[in-house]
Amino acid sequence: MFKKIGAVALSTGLVLSAVSVPVFADKPDSPGKGNGNGYGGKKIDNIIYMIPDGFSGDYASNYRVYKGEDAVWDEHLKGMFTTNSANADVTDSAAAGTAMASGVKTNNGVIGLDPEGNELTTILDVSEEAGKSSGLVATSTITHATPASFAANVDDRNNQTEIARQYISSEVDVLLGGGKNMFLPEAEGGNQEDVNLIEQAEDAGFTYVETREELQDNADINVNQGERLLGLFADDALSPELHRDQSVEPSLAEMTEASIEVLEQDKDGFFLMVEGSQIDWAGHANDAAWAMSDVAAFEEAVEAAIDFAEQDGKTLVIVAGDHDTGGMTTGSGAYSGLNADILNQVTATGDFMATQLNEDRSNAKEIVEEYTNLTITEDEVQTIQNASDAALAINRVVSDHAGIGWTSTNHTGADIPVYAYGPQSDKFAGFYDNTELPKIMANALRVNLEN
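Here the sequence shown is numbered in our numbering, starting from 1 and rising by one per residue.
Don't take each hint at face value.
[Unchecked claim] Cβ pair distances, simulated, as ranges:
#1 D194 <-> G337: 50 to 60 Å
#2 Q311 <-> N339: 29 to 39 Å
#3 V195 <-> E310: 37 to 47 Å
#4 E188 <-> D74: 25 to 35 Å
#5 E119 <-> E75: 49 to 59 Å
#6 E369 <-> G313: 25 to 35 Å
#7 S336 <-> Q311: 36 to 46 Å
#8 E119 <-> D203: 40 to 50 Å
#9 E188 <-> K43: 45 to 55 Å
#10 S388 <-> K42: 53 to 63 Å
#11 T347 <-> T409: 18 to 28 Å
#12 D203 <-> T409: 40 to 50 Å
#13 A88 <-> D341: 14 to 24 Å
#14 Q246 <-> S388: 32 to 42 Å
It is worth saying that the hints were derived from the structure and are not from the lab.
In this text, a Cβ means the ideal position worked out from N, Cα and C, and glycines have one as well.
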């Protein structure tokens, strides 16, 4: 598969700031000093769009305590944005992903279509039209809502088998994540009715890998000769970072590094989207340890992206969650202070711990203390034993000890911080809507994103 050559047009835009962060339409008097401030109009060849699904400002605050120091993105904070969908104040990942990919609001549950059903063009599409290579990486199934928003058009995000079919007929060069079952026929234990999309992918020029070792052994894919890479490392989603078998499943950072190694061969540049998918799932579960450990895995991927950008000099890295999940708060009041660092001692998700309880849950104290290194009270034991949802009860007990509160098991309408590193990263300064993100990227790339 060879890249289409499209006309590259300059699109203009203005981001209005509602916060005290300066926005420069032109190069300021004091240009950046090599620290990624990104003032001025230096040429951009590559964009790496990092999406920590479900991540908001309170996740950032708690993660700083969990880690014991600033995160790699903290010094690159540029602004904040709103997240409502076309038909709801609280978005889902499909509508948010569509907005962040295309610059157009749509209804919850819809991918790559506007509310009237018209297909939308994405920042990945126009990057490909400009001759660039492209990639999608996720720790969910690769056919999940966020990655799908960049390269598929379906009216129901749950139609992951159709999303998989659209991927294989697309021009995306690198696809890495979970979801092998979405590509296999029912006769082979998959979800496709009768087609084997892995075989079709190989016919279309993809090299297929399904283990960490195979990924590392196939990083010499040549996109300039039409070679492509498909990596499906689990039947469904990848494992939470707390449970990941490092000998089989690559980390998010390793998938990011492998993608960059393949895509950087294209002299016209590349567009890469990387999602830390399970931060959101941890938020739905109110599982603070799962959330923080997956944020840590995501940070390693961001570090890999920024390391490349520092060396390359023509790469823009953007870090922006699609919405908040769970309404995490910094301080719950159940225990004195914020103690998120104790989550470093947790070795299993609440879901897993719940599966280890016996029928009457009489071993609740033993199980929770084994996997958390906490000492829980008899009242907390009783709470777990009497709960209709044992996993949720365990997670809230652990969160209380960490000083972390939750207001929901769903998404919220919280505004989301955006971080950016590299040339023209100043363009992301201000307060705006999520639909502005791909428009700013298109402006930086000097490509035309019109819907």
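Checklist entry - Checking against the hints above, which ones are violated? => result 4, 5, 6, 8 and 13
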